[in-house]
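Number of protein chains: 2
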Amino acid sequence: MTNYHLSPSRFREEGKKIIDWIADYYEHIEKYPVLSQVEPGSIQAALPIAPPQKGESFDSMLNDLNEIILPGITHWQSPNFFAYFPSNASFPSILGDLVSSGLGVQGMIWATSPAATELETRMLDWLVEMMDMPEKFKSTSTGGGVIQDTASTSALTALIAARERATKFESNKSGVRQKLVAYISTQTHSSLEKAVKIAGIGSENLRLIEVDELFAMKPELLERQIQMDRNDGFLPFFVCATIGTTSSNAMDPVREIGEICRRENCWLHVDAAMAGTAMLCPEFRYLKDGVELADSYTFNPHKWMFTNFDCDVFWVANRKELIHTFSILPEYLRNKASETGEVFDYRDWHIQLGRRFRSLKLWFVIRHYGVEGLQFHVRKHVQIAQNFAQWVKHDADFELVLNPPLNLVCFRHKSNNDFNMRLMHAVHNSGKAFFTHTKLNNQVVLRLCVAQTHTEEDHVEKTWKLIQQTAQNLKNQDRPEKLS
Amino acid sequence: MTNYHLSPSRFREEGKKIIDWIADYYEHIEKYPVLSQVEPGSIQAALPIAPPQKGESFDSMLNDLNEIILPGITHWQSPNFFAYFPSNASFPSILGDLVSSGLGVQGMIWATSPAATELETRMLDWLVEMMDMPEKFKSTSTGGGVIQDTASTSALTALIAARERATKFESNKSGVRQKLVAYISTQTHSSLEKAVKIAGIGSENLRLIEVDELFAMKPELLERQIQMDRNDGFLPFFVCATIGTTSSNAMDPVREIGEICRRENCWLHVDAAMAGTAMLCPEFRYLKDGVELADSYTFNPHKWMFTNFDCDVFWVANRKELIHTFSILPEYLRNKASETGEVFDYRDWHIQLGRRFRSLKLWFVIRHYGVEGLQFHVRKHVQIAQNFAQWVKHDADFELVLNPPLNLVCFRHKSNNDFNMRLMHAVHNSGKAFFTHTKLNNQVVLRLCVAQTHTEEDHVEKTWKLIQQTAQNLKNQDRPEKLS
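Protein chains in written order, with my numbering: chain A, 1 to 484; chain B, 1 to 484.
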């Protein structure tokens, strides 16, 4: 009688087919339109309305993967993907993640898989060294690191810990009674607004500090706002500085902001979600000057460090504050190792209880590439982006909006906003490349981010030619008929 | 010159080795001690202190996986794992997850991979049908489902949406100013306490309602507490009912609680994290009687539905309330499909922005097993647990603490708490089985949860004999010397 399971021998067979399917996918990824071209609802229309009563074959599933799912994929792993911030992956990461799925451990506490906790701790200590981060972020010092799902969650986690510290650990118990106020710049990621809402602080108690001409927070305005708020009876408690904003990769002055935070007794959280990976290279570390003043710091190996989503690194300077904030101990989780305090129980370092063994993919990536290999790719991406910026600069129809500090280039066609949007959509519709836009000073600005694992200079060069050609075509179309 | 990447052909080779490694692991999983026997710090001690400058071979990584990591694994996928709530996986799920890692898409909004959004929507609609859940939980009605990481996050998400609704959508803007009060039972999962803390409501505004002799919430006490709170000027706004508590699988009376919530204008969240999977079988659906009164409902395919962690299903009756609560729209995420409102952008359904393509593994599981195969395994687990309960009942040294409603058996040796803890640790130290404990009415109670994918009756039978034998050995040891 069947037990319905896939047997280990069938798993070997089907698993190897899927490994080949993935390798084939990467070998042919450039033939797919980068931005999916399907209409809303078309994928759903191709899927059965009713769930299957009886099991189906793996062949039928693989077939549907090709026929139904692939057309609805926007190819984040295409070397012609330059949109948003990237979410790059690599073969070593995919295999590390496969081991994690296979082992299927749930590392909520040390005892539920000591290796999951201890490998994570060591990987995050390694990264402190690899990026020359402050010693206090290490587990061997007062702080430590934990893997979160996203930088949004890390921001929320930091905000809650800061809220607790500022209220002398009263807010968890009594709710938010104080007139707490938090500070970001006008360019800070939207997740901070979401976090102050979730945390019960309220978006009207979030101050958006104006930025300079490079879109970096003006520290003197931060300081003035804090004073005004204190005079109005508010309790300033939290500041988020960004190393590489999402819109334009702007670099907030971490040291100056950090010094204000020290004086004003505010928690400093640093969000380096994408640009953080650049800290692998000594020549880019000036961008984190002052980070020793931070209470918490986050960056995403799942953006630019070849580690597939999700993998967000979150470091704190003082783990006791974090654990005090998030610790809960029901009887059914009590165990000897936890009670001695000898071990980390990571469920006390974040919002969720359950957790996947995510450090495996990080371990595979770091060991496969070595620090040297990771540096090589980061440098290459930055170099390609700098070259692209030069090409833009030398085209009379386009302008470079900012000198790119790293690998994100903000540029625009010199005509109006509408033209830039049409230009972008026309490139998208070609299927050959995908980049996105933002607004800076009310101008539509195109963003090209060079960070996909397999992007080489020729991909960017072809994309640039496509942009130029598409702009030319659009201009020709726009020409009044009398001139034609 | 090297580009440091693993080539597609090397990926095929190493990937197939890892597929075989996983198959080997499952074929030999019973030879490992279920609960890892390592000492705190021993895994770290075996890992290099410094990160590698140069890349290392896959062979060395696989070797370390065997030598360093495996001894530190608590084997959640062992058929002798009966601890906590399970986190079961299956081969089809592992392969669906592998495709997700390979595609590496980030489905934060519809446009960033329409298939990721639309497959997720369809899978969660399928599950409504498969479990005979209320029509309003479907995307084609007023509600809809979304995959979250854990039931903890779903509880927090529900609580925030409820907070917003109760404050007429003011709390996101102005913070928590009202005297909000939420209700759970003394047996509700600790994540609810964590959620009220995070949400700025405060644990002192969380009421723990007493339970009956089966550890289910007493609805009359809930109603009385709500009245008392109203009289004291509080605003009751949220109740969590549980289908299958973590301690003892107690079943709260959802209908009676739901009717109170309707009258009192409170949001009803139903947490069916583990037991929810039983709703696949018509004969267990009486346990969800009244669920049409719920505003939100969560259960975890990653617990008992053969889908590897993380995969938590979260349904709401009214998606507009949810989206209104969590929606944020920065310029760099604006796009045509979203602005027409024709599509779901799941980043507006939860805390995180980024999201993995998790519905693939659910699709693989449902299609491979079919409804029929899933029902077969759920029924088998329940039957084995019921048999185990009978064996306990017929052993004069042991007692069954509760008649198990499903697959979690609460039992104890008739001697004292200390003896039960020693008994449990002795079984753990044997490496042959792993179950955990809780406290009910101040008594240590042992919990045996039958839900691992490959658990068959003989695994539980052997474990029971081991427990009996171990208890006998301990009793013999304890006998005063004069009697020996």
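These are calculated hints, taken from the structure and not from any lab test.
Check the hints yourself; a few may be wrong.
You can't tell identical chains apart in this list, so a pair holds if it fits in one copy or across any two.
What the hints assert, rightly or not - Listed next, the in silico DMTMM-like pairs over lysine to aspartate or glutamate satisfying Cα-Cα at most 25 Å (straight line): (1) LYS475 <-> ASP289; (2) LYS136 <-> GLU264; (3) LYS393 <-> ASP289; (4) LYS136 <-> GLU213; (5) LYS320 <-> GLU210; (6) LYS414 <-> GLU292; (7) LYS218 <-> GLU331; (8) LYS168 <-> GLU321; (9) LYS439 <-> ASP24; (10) LYS168 <-> GLU204; (11) LYS336 <-> ASP20; (12) LYS179 <-> ASP59; (13) LYS336 <-> GLU213; (14) LYS218 <-> GLU339; (15) LYS54 <-> ASP132; (16) LYS16 <-> ASP64; (17) LYS439 <-> GLU331; (18) LYS31 <-> GLU129; (19) LYS336 <-> GLU193; (20) LYS173 <-> GLU56; (21) LYS16 <-> ASP59; (22) LYS320 <-> GLU292; (23) LYS320 <-> GLU39; (24) LYS475 <-> GLU399; (25) LYS393 <-> GLU339; (26) LYS336 <-> ASP395; (27) LYS336 <-> GLU39; (28) LYS475 <-> ASP348.
Inset, instruction - Could you work out which earlier hints the structure fails to respect and list their numbers in ascending sequence? - result: Result: hints 1, 3, 4, 5, 6, 9, 11, 12, 13, 14, 18, 20, 25, 26 and 28 break, sorted rising.
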